[in-house]
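Respectively, the protein sequence lines represent chains A and B.
1 is the number of the first residue of the first sequence in my numbering; add one for each residue after it.
231 is the number of the first residue of the second sequence in my numbering; add one for each residue after it.
These aren't lab readings, by the way, just hints derived from the structure by calculation.
All values reported here derive from a predicted model rather than from experimental measurement.
Beta carbons are placed, not taken as given, at the ideal position from N, Cα and C, and that holds for glycine.
There's no promise every hint is true.
[Stated by the list, open to error] Just so you have them, the derived chain B footprint on chain A, three or more residues with Cβ under 8 Å:
id	segment
1	61–75
2	78–91
3	183–191
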Amino acid sequence: MNDYRSIFTEGLWGNNVVFAQMLALCPLMAVTTTATNGLGMGLATTGVLLASNVVIASCRNFITPDVRIPVFVLLIASLVTLADMAINAWLHELYKVLGLFIPLIVVNCSVLGRAEAFASKQPVSASAVDGLAMGLGYTLALIIIGGCREILGSATLFAHASLLLGDGFAFLETTLIPHYKGFLLMLLPPGGFLVLGFLLAGKRAMERRVQQRKERARSADLQYGHCRVP
Amino acid sequence: MNLLDIFKPEHRQTLRYQVVLLGGVALLTSAVMGIADRLTRTDIANRQMEDLQATLQQVIPAGYYDNELVRDTATIQDGERSVVVYRARKAGQVQAVCYQVSAPGYGNTAIAIIMGVDRNGTLLGTRIVSHNETPGLGDKIELSKSDWILSFTGRSLSNPSPEKWAVKKDGGVFDQFTGATITPRAVVKAVKGGLEFFAAHRAALLDEAEPVTGAKP
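Just chain B, with the same shape it has in the complex (with noise of 0.2 Å):
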């Protein structure tokens, strides 16, 4: 008898056919499956660096540095919490980094924030990257909806006061959005967390082993 017997049609009902039909198909798909995630692998990992490139883009502005971003990346310990830090670099010397702080927006689901940094600790930009808020209401954060996200630019720790660092309902300087004030006053707490962050771990994050003296956090 031939291996292939049970391939004709009146072998069709035997458990045998079944489990090697079954099996079959899953040995098949799974080595599509394979071969294709061989194919793309490369590709999408090149796109998905070039979406982080632009996202990089929006909040460190173009004249701040003459490196790759994307891969001139340091890790940094912040208690529990280990942040990626892009740096950009001019001439070598770092001139803003940029890094993302999440905050636990409406109904507790993170809201993945992007900032960038300049030497001085002045925020270049601030962006959402992701979030699960409501639409119509808590989605104002994004870019696309409003430009609220854009009242951070030139912000710093002194400016305003830290017990300014609120919404205006909290006796702050941002705006809140009308039947919103979780989200953006979420979003407010955590840029001010960033900035604090910057301040703790200024020389890691400039690449400096020594702090400079004089210079204000």
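So that you can see chain A by itself, here it is in the shape it has in the complex (with noise of 0.2 Å):
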């Protein structure tokens, strides 16, 4: 498991926090209204995920088994606190934009699932590496179903990005449609339920895909290839 690359590719896709571990699903469905919100809430939870990963598997060997969750759980509070206090303080801006979404990353069950499967077992960089492709699996995630609701409810792609990003990023910001009178329901809960079920579908839909033709390119190998049972 050393291996940085596959530790990266599992998660950022293979295991990723929303499509494959189906994790964190409730700030999700909260930020989710515009790519942005997903953007901002996304780098958020990366920092703390690296944090949190680093610091866990920094003290894993003094960590028994019998107490862990409840240490995780005040260094990871502690770190989003420290990040909240952090962000507010010096980058006010940006804190204007995310501020709600801070104390969200708290709740987030994905940190404490990748402290106590991953973090406490292996040694720092594998777990810095792990946090932050956990954490950037989840921004890509959530900047698609932000993405998908945001054009779906407002006809607009990364609404306000310039606030969160500075104006060098002005140019991110999309109007597709002009004078769109809005469908509601996608930025309404629901409309995030829908758009992680259809995108779910996609995925399972297109990994099948991807196995069949795999299984079809075996079973033709072993019918006219040389391992041909007489």
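Starting from the two chains in their separate frames, assemble the complex, guided by the hints.
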């Protein structure tokens, strides 16, 4: 498991927090009304995931299995509070956009999930890669779902991105259909469930097709290849 | 036996080690929180002050004051409620005041509205500070979504007349939104209430002991 590349691709896609583990859906439903919100929440979560994985991996040898959960919870909650205070004090413009979401990270079960499943058993460097990859995978999922809901709900993409990322990113803000009346359902929680459901179904269908192709190739190999049974 | 012995691997399973571990982590994280709070507290307070200043400047135009708005506050009792008032002074005389009113919106969650009123009781500006209205319907009260909230600027209790202080659906002069009447209705009512509050406490708000005779409320 020390192959960083496989850890990274697992986190980003194969074992994606949302699309494969189906964790952290609660903050996901809450924030993904626009792609920008998703991006902001994703980046904040990535920071906390990375920090929590590094902290927990570095003291994994001191933590006994019996008290590990309360210790993890304490460490994660402190990290989130620290992030909240630091962003509020020194990155206040960002805080005005993200402020609502940062305390939500503490209820994000993927952070505790990675601490338990990965960081408590692996060395610091591998845990850092895992935290980063899982965070980026989560960010990707948030942006995709946020983007779908934003396009369907208000026909814009990355609205207010310059507030989050600075004026240099104003080019991201696009209006697809001017004077769009809006499709409210997509911006309300049911829209989140609908988009997530369709995306999951799409991912499953894609994976099954890949699987079938592989199997067909293998059976063809068996029939006409060198290992034909007489 | 040394006190530090419990940190040796062979003592890991003892209850004592686990108590010390959990207590130690709790102590450590609390200490970090305490230090971080000390480091960030003044910065956070300053940022919040700047936010407040920015909001106040939206409802009171710059020409109305030469004092520091956020620091010139007074608390006025209005029945049960106490209202914090920010005064805009020029050469010591109060030119305008700014305060927050709140309205029960859709689903009875509070809509917080900040309003600036000049000496004569005319609205200089109103803004929504926070709300929980339905996105896409009731949230048109936000300036970023629609300029509806600007329709209050220049209004007073006599413009329009009190019975016209309502949404168009109720025979008033203010627009409602398609699919959302409760929200604008609540805001209109709250702003009118805010103006009535000004009329009732004018002398106290303007920091004048004697009401100026002949001035229209």
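Verification of the hints:
Counting residues of the segment 61–75 of chain A whose CB falls under 8 Å from any CB of chain B gives 9; the rule of at least 3 is met. Note: the segment 78–91 of chain A has 8 residues with beta-carbon separation from chain B under 8 Å; the three-residue rule is met and the coverage holds. Judged by the Cβ-Cβ criterion of 8 Å, the segment 183–191 of chain A is covered by chain B as claimed, because 3 of its residues qualify and three suffice.
Of the numbered hints listed earlier, not one is contradicted by the structure.
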